[in-house]
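Novice: With chain Z's structure known, arrange chains E and B on it following the hints.
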Amino acid sequence: MTVYRQILELDGTAGTDIHEVTSQVAAVAADSGLSRGSVLVFTPGSTAAVTTIEYEPGALSDLRRLLEDLAPTDGEYAHNLRWGDGNGYSHLRSALLGPSLTVPLEAGRLMLGAWQQIVVLDFDNRPRRRKVVVTVQGG
Amino acid sequence: MTVYRQILELDGTAGTDIHEVTSQVAAVAADSGLSRGSVLVFTPGSTAAVTTIEYEPGALSDLRRLLEDLAPTDGEYAHNLRWGDGNGYSHLRSALLGPSLTVPLEAGRLMLGAWQQIVVLDFDNRPRRRKVVVTVQGG
Amino acid sequence: MTVYRQILELDGTAGTDIHEVTSQVAAVAADSGLSRGSVLVFTPGSTAAVTTIEYEPGALSDLRRLLEDLAPTDGEYAHNLRWGDGNGYSHLRSALLGPSLTVPLEAGRLMLGAWQQIVVLDFDNRPRRRKVVVTVQGG
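Residue numbers (the working numbering), protein chains in the order written: chain Z, 4 to 142; chain E, 4 to 142; chain B, 4 to 142.
Please note that a few of the clues may not be correct.
[What the hints assert, rightly or not] Distance ranges between label pairs, derived from CB positions:
(1) Glu-109(B) / Asp-72(Z): 35 to 41 Å
(2) Asp-34(Z) / Glu-79(B): 49 to 55 Å
(3) Arg-85(Z) / Arg-129(B): 45 to 51 Å
(4) Ser-38(Z) / Arg-132(E): 47 to 53 Å
(5) Gly-89(B) / Arg-112(Z): 24 to 30 Å
(6) Trp-118(Z) / Gly-89(B): 36 to 42 Å
Because the hints were derived from the structure by calculation, they are not lab data.
It should be emphasised that the depicted structure is a prediction, and the values quoted were computed from it without experimental measurement.
Beta carbons: idealized from backbone N, C-alpha and C, even for Gly.
Pulled out of the complex, with its shape left as it was, chain Z reads as follows (with noise of 0.2 Å):
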């Protein structure tokens, strides 16, 4: 049993960005060498959040409208006011999808659906440079 790790890195804009990493997660467990496991995608950071949707405008388009019904970029938020900076929208987007997801690994490859792809949210109302930690873990 090994563990393996990679980091990428995403350049983010001012809004909301769906960042497709899915052949980058592919790759980081191909160059692990290791067979049968599993992939921890994980994203630090409190502005941020990862999860599994099929990567096409129209559900792209769905989901920023639920986020924006969930938790509205221009709201209200006691966060905004001790803070002044605005992204009280991002922290709550985060916390409710979360910043890790764990794929299982088969021979070396990630056992996900046919039309589903890995995405990193970036919430964060500046544009920021964005870690995502890859970590295989198997034999």
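Specialist: Coordinates of chains E and B only, in the frame set by chain Z:
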């Protein structure tokens, strides 16, 4: 340290299915022969999810209503306009709840609460045979 | 590769508790003696959840309001009608946020963002002693 895996198969309906899989996951854990570690429950596919809940009709009914409030079956979705398959709500529910759950293993048993069951939710609007990948890692 | 485990205990109130456990989880990781791998934080029970957030009063207040919007404490729940224990909202919040979080470990330290804290949410409507299972896996 070893990795042990089995794949469960679940038959769903055209509606939102809530499959209770605790005993099946516990059986995989027992079959693994491993004592201490973790059990990853993952559903490949962009219209399903995994979480835990007290599996009793009241809580399940409440969960169905919450999901219907968040992403109504008959809502308007850009995904549906593009693809015409009518399962835009399924994609949103899946992205929100997430496809992975990890449960600790001790003495070969799942460390769940007394009233906490593992459920696989199949949101798709057509009957599907759904795979659930159960991966046990530990020593 | 080794598996190391400790169980934390948290005392809650009848309201929604947001327990910040980052330093306790980091101490378990340090105690493990492991360098690289992952740390699973899991709460057994169907009325609690684990996620990350910036632990400052504004963001916590915003999170409480969002949860109250999604699953109001005084809403009508089929669970309550069946069982009379009044914690239907707790079950929904728990199922939505989920009971597990996995954080990568590097050089014996949690790879969290600077403003990202690990929180255990106890939604139950009676004071409970809550267990949190911390499992470190790696080499």
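Novice: Hint by hint, note whether the structure agrees.
Specialist: Now the hints, each set against the structure:
1. Remark: the range hint 35 to 41 Å for Glu-109(B) to Asp-72(Z) is upheld by a beta-carbon distance near 37 Å.
2. Here the CB-CB span from Asp-34(Z) to Glu-79(B) is close to 53 Å, well matched to the stated 49 to 55 Å.
3. At about 31 Å, the beta-carbon gap between Arg-85(Z) and Arg-129(B) misses the expected band of 45 to 51 Å.
4. At about 26 Å, the beta-carbon gap between Ser-38(Z) and Arg-132(E) misses the expected band of 47 to 53 Å.
5. Under the hint 24 to 30 Å, the C-beta atoms of Gly-89(B) and Arg-112(Z), about 47 Å apart, miss the expected range.
6. Between Trp-118(Z) and Gly-89(B) the Cβ separation comes to about 41 Å, which falls inside the hinted range of 36 to 42 Å.
Hint compliance for this structure: hints 3, 4, 5 are broken, all remaining hints hold.
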